[in-house]
Every structure is written in C-alpha cells, then in structure tokens.
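Novice: As a plain string of letters, each chain reads:
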Amino acid sequence: MRNETMTLNMGPQHPSTHGVLRVALELDGETIIQCKPMIGYLHTGMEKQAEYKTYTQSIPQTDRMDYISPMSNNLAFCLSAEKLLGIEPPARVQAIRVLLTELTRISSHCVWMGTHAIDIGALTVFWYTFREREKVLSIYDMVSGARMTSSYFRVGGLSMDIPAGFLERCEKFVDEMPAHIDEYEKLLSKNPIWLARTKGVAPLSAKDAVAWGVTGPSLRGSGVNWDLRKSQPYSGYETYDFNVALGSVGDAYDRYSVRVTEMRESTKIAKQAIQRVRELGEAGEYRVRDFKYVLPPKEEVKTSMEALIHHFKIVAHGFFPPVGEAYAAVEAPKGELGFYFVSDGSSRPWRMKVRSPSFVNLQALPIMIQGKLVADVIAAIGSIDIVLGEIDR
Amino acid sequence: MALTTERLEQKLRERFAFVAIERQVGDAVRDHTLIVPAESLVEICTFLRDDSELEFAMLTWMGGADYMPRAPRFETIYSLLSLTQNLRITLKVRLPEENLKVPSVVGVWPTANWHERETYDFYGIEFVGHPDLTRILLPEDWIGWPLRKDSPLGYEEVAFTHNTPNRKLPSPSLKKLAPKKVKYRAQ
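For the protein sequence lines, the chains are L and Y, in the order given. Per this note's numbering, the very first residue in the first sequence carries number -12; after that it's consecutive. Per this note's numbering, the very first residue in the second sequence carries number 121; after that it's consecutive.
Just so you know, the hints here were simulated from the structure itself, not pulled from any lab data. Watch out, some of these pointers could steer you wrong.
[To be verified] If you want the footprint, here are the derived chain Y segments under chain L, 3+ residues with CB under 8 Å:
(1) 129 to 135
(2) 160 to 166
(3) 171 to 184
(4) 211 to 220
[To be verified] Not everything, but these chain Y residues come out facing chain L in the computed CB check (under 7 Å):
(5) 123
(6) 125
(7) 147
(8) 192
[As the list claims (entries may be wrong)] Calculated from the model, a selection of chain L residues having no Cβ within reach of chain Y, i.e. all distances over 10 Å:
(9) -2
(10) 30
(11) 70
(12) 200
(13) 218
(14) 219
(15) 226
(16) 235
(17) 282
(18) 284
(19) 296
(20) 312
(21) 330
(22) 350
(23) 357
It should be emphasised that the depicted structure is a prediction, and the values quoted were computed from it without experimental measurement. All C-beta atoms, glycine included, are put in the ideal place defined by N, C-alpha and C.
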C-alpha cells in the first residue's frame, strides 16, 4: 500500500471545474504526479450542425459556445464570413462592435474574477463582480432583446440599429466601472490569503505557453506581448488608444493582474468607441448597403421590387459566398477565437472549424500543476479561465 | 525587409527543392495556403519552427476536412503563427481515403496533441506517432466518424457498443492513465 499512488477523479460535477470538466489526478499523497483533463461532456456537434445551416442560422449557435462572452463569438464568426465574402462593414458598425465586445470583455472578466475567487475561498468578490456583470447583461438586453444569447451581430453589420439612449447608458456604465475595479482590487490585490493562493502558483513559462498554443491573458501573464487587437488589428482597433497588460512570472497572480488591467483598458476603449459612434451618428447605417448579403430596409421592401426580391432571397436561401476558404480570429476575453470556413459556393458552409481559446489553453493545465498540490489544481483551472461550452462545442 | 508569405514560400521551395509544394489557388482562398506531401510534413514544420528568420513557434490550430466525393478525399489543415514576424501561414496535407495516415506533429508543437485527437475523433484520420490517439470529445465507445460527409446528422439511432452487436471496442479506463514506472518520493 505504501508505494502505491492514488488515482483521484475530480469532476465532472465538481463546482470548481467551471462546468463539466473532469480531471483525473494521479497522486502521491497530496502531490500531483500526473494529471489528465477529460472533456466532451457538453459536446453538441456544433461544427457538424453548421454544415446543415446557412451562415446566419449558425450565429445563435456561437452564443452558446462561450456563453459568457456571446458578442465576441458573434464578432469572430461575422469577421470570418465577411473575410470569405470580401466585404467590410461601415465604420459606424465597427465602432458599435468594438464598444460591445469591450463591454463583453469586462463582463467576462467579472465572471472570471468572481468564480475564481470563490474557488479559492473568497466568496465576497462574487457579489460585487456579478453586480456589474448584470449591468452589461441589461445593456445586451437593451440592444438585442436577450440578456445572454444576444446574436446581435450579422454578417455585414448588425441585426438592428442601436436604440435611443443606448450610448448614454453605456457611458454611465463605463464611467462608473473604474471605481468598481478599485473595489475589487481592494478586496483581492493585497489580501494575504489571495496572495498565498495565487503567487507562484501554477506557473507557466513564456516558452511553454507559446509551444502549447496558449493565447489571451494567460499568454500575456507569462510576459509574451501578443494581443491580436494590436498585432493583427481588426474592426479598426489600430485607431484606438490602449495599452497591453503584461505579466512577468506567469503565475496565477500575474494572470489575475493582467485581467484586472485589461478591464481598465477596456473601459478606455469603450469610451473612445462611444465617442466615435456619437460622431458618426446615434442613428444611421448599421449594415453594408449590398443586399446580396444583408436584408434590405423594410421601407424599401414595401416600395421596391428589387428590394422585395432581395429580401425573399436572403430569407429563403441566405447569401452565397465564393468557392474558397478563410480564417479570421479575434482577441476574445479568453484568447484567440477564430472561425475557419470552407465554402463550396452554396449558402451553407462546407466546413466550419472553431478555434476556441479555452480548448487550447486547458491543454496547458497538466504542465502548470505537475508536482504541485491538489489545492493548486483549483487555482490553476480558475486562473486560465475556461468555459466548457466552448471547449466541447 | 518585412517577411511576407511570398518570401516565405520562396524560402521553403529553396530549402525543400525536391518536395512537391503546391500553392492552393482560388479567388476566395483568403489565406496563403501551401499543400505539402504527408511524408515531408514533420520536416517542413520543424524547419518553419526552427529557422531563425521564420520562427513559427505557435501552431494556432489544426483540423481536418472531408471533401467527398473529391479524389484525395480528406485534408488536414495546419494554421501556423510566427509571433516575431507577425505572420500566419496555412499548411495542408491531402489524404486519400485508402490510406488515412499522416505523421503527427506533436513532437514539433505539443499543442497539436488535442487538435489531432479531435481530428481523429471527427474523421478517423490516424496520426502516426501520436502519444495517445483516443477519442476526445465523443464517448469512448462511439462508433463512426461524425464529421465525415457520409455520416448522418441525426434522425437515426446512435451506434454505441451496447446496441451494435459484434462491434466491441476496447474501452480505455483510468488504469491506462497510470504509467508502468512511477518515480516515488523518498518515503
């Protein structure tokens, strides 16, 4: 008995595995000898289903992948389809998209911070972060009619224009947010228990992070200066003024501080985006004016024959991309989220492949916790910020 | 001079002069895509990773695709990223249905491990040299390769070992996780 190791099964119903992640741990006492994450409990075959749907019909599926940042998923999907079609939405649409995806980043990081803190014993933070997350959700509600599954972006633009009073509401939230982030930091940043549970825990070197394909805050926590918004800008990010937060050691605390700084930077970007939407008009163009790809305005449908035909064709068949393929990625709250489309010229994708950040980042878990203690597994899972809906798809 | 994908392709052709590297053409092929033969895949990938000018240190993703009824029916797709050059390149390997084998690139980029398992899971493509080629998203006892074009979307009973006679698959259990030799701490 003395020389035997123990295999411990953690999950898939364990509350700190953030969904239905199962981790098999081989232990020598409290020390982890080997760790094997097992996934697939939420697999619903979204990539297969997409091959049987038009592009627009797949957008609601993307909400359900990373269900705490739906707008980022919508954006990645639409950008990839737009790249395939070779179209670019108007500047106003891009500004609204930037505004909403940055709010999404704040809300996603709020969920992460609350749940991560609960996992390692700080229950209080959760009530504060979810208060602000709810504000973002009601902004979603205002703009799209749904709190969580927004499906607001469309290929070539948005599903509808922003409502009156929307920008004021966003502005109020963005102005209040830095003070709230200070509150969170007061609870955690110098808290001795928090420091003991995160400093030096689950370290990931820059070299390992790159080799394991880790992206997002987890990569930047290891000190690699790589943010798609800066290095391969999309939706006009090159025109916004913001900084990229970097860690140094690559431990759980560095990932925490990177995300906190990112929330502050996101409020900065959102503020600039609000200003830009104001300049371009609070009401105006919200999709490309090419009705081969998007629905024509309802007024025109009632008066113009061509618009009626376009309306009918878009509703009945969708749009027809050229034969080819495209991959486009965005810097989602969790890392590089990309969609790869293969088109055979029909209105349905021949192949849709999702490059989800959580799927790749989770792979680095075993090397983070090798030789560490069981309690560090919880801190490590929390610190890489995974969503199983996106891993299993 | 900033490195472009054209320059990269030229460099690759010079280095692998005797390997049939083909550029995928098409109006709407939006990314620079090179089709390489399966037998030189690992060599090409290692070169791309280690060359001091290129440094494709990250495999962003890899996946598969089924082009039924085209003649080389399957494809594996590798999307590489160079952080230093800020450049992406896509590699493809075309595989005929009769010989669904491609060398694994886990030795080049460890991140390929799960991607290759996923591709195996979806298409049944065998990655030669993969350390643990098992199903990842689907249940262990699932029968069939769901993302192949001849696999139905639904509307019929799902084939498992318990409802499909004479199709017993070995079921990997937790035992498999424990290696034969384990280094123990001093007691």
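Novice: Give a verdict on every hint.
Specialist: Cross-check of the supplied hints:
no., hint, verdict
1, 129 to 135, "violated (count 0)"
2, 160 to 166, "violated (count 0)"
3, 171 to 184, "holds (count 6)"
4, 211 to 220, "violated (count 0)"
5, 123, "violated, 14 Å"
6, 125, "violated, 13 Å"
7, 147, "holds, 6 Å"
8, 192, "violated, 15 Å"
9, -2, "holds, 13 Å"
10, 30, "violated, 4 Å"
11, 70, "violated, 5 Å"
12, 200, "violated, 3 Å"
13, 218, "violated, 5 Å"
14, 219, "violated, 7 Å"
15, 226, "holds, 18 Å"
16, 235, "holds, 17 Å"
17, 282, "holds, 23 Å"
18, 284, "holds, 28 Å"
19, 296, "holds, 24 Å"
20, 312, "violated, 6 Å"
21, 330, "violated, 7 Å"
22, 350, "violated, 5 Å"
23, 357, "holds, 12 Å"
The structure is inconsistent with the numbered hints 1, 2, 4, 5, 6, 8, 10, 11, 12, 13, 14, 20, 21 and 22, although it conforms to all the rest.
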